[in-house]
Amino acid sequence: MDTRETLVTQAGLEKLQAEYEELTKVKRAEVAERIKIAREYGDISENAEYD
6 MDTRETLVTQ AGLEKLQAEY EELTKVKRAE VAERIKIARE YGDISENAEY
56 D
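Per my numbering, the very first residue in the sequence shown carries number 6; after that it's consecutive.
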């Protein structure tokens with residue numbers, strides 16, 4: 006594991022936090038919905054909906 010410090014500006018931190026919120030709250034829900042739809046098509050192991 007890398008234990009070096011990473012310095013960021015306040016603006017950079019805010020940008021990273023906004024990106025994190027987008028990924029965990031919005032994108033995660035979108036992906037979960039797409040997986041749900043793909044499962045409705047049947048066998049998910051070979052389903053083109055995952056592409």
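Note that these hints are calculated values from the structure, not bench results.
Just so you know, not all the hints are guaranteed correct.
DSS-like mimics (lysine-lysine), calculated; alpha carbons at most 25 angstroms apart, straight line [unchecked claim]:
1. 20 x 30
2. 20 x 32
3. 30 x 41
Tested hints:
At roughly 15 angstroms between alpha-carbon atoms, residue 20 and residue 30 fall within 25 angstroms of each other, so this suggested pair holds. Taking the CA atoms of residue 20 and residue 32, the gap is about 16 angstroms. The hint holds against a cut of 25 angstroms. As the CA atoms of residue 30 and residue 41 are separated by approximately 17 angstroms, the hinted pair is consistent with the 25 angstroms bound.
Violation of the numbered hints given earlier is absent; every hint is satisfied by the structure.
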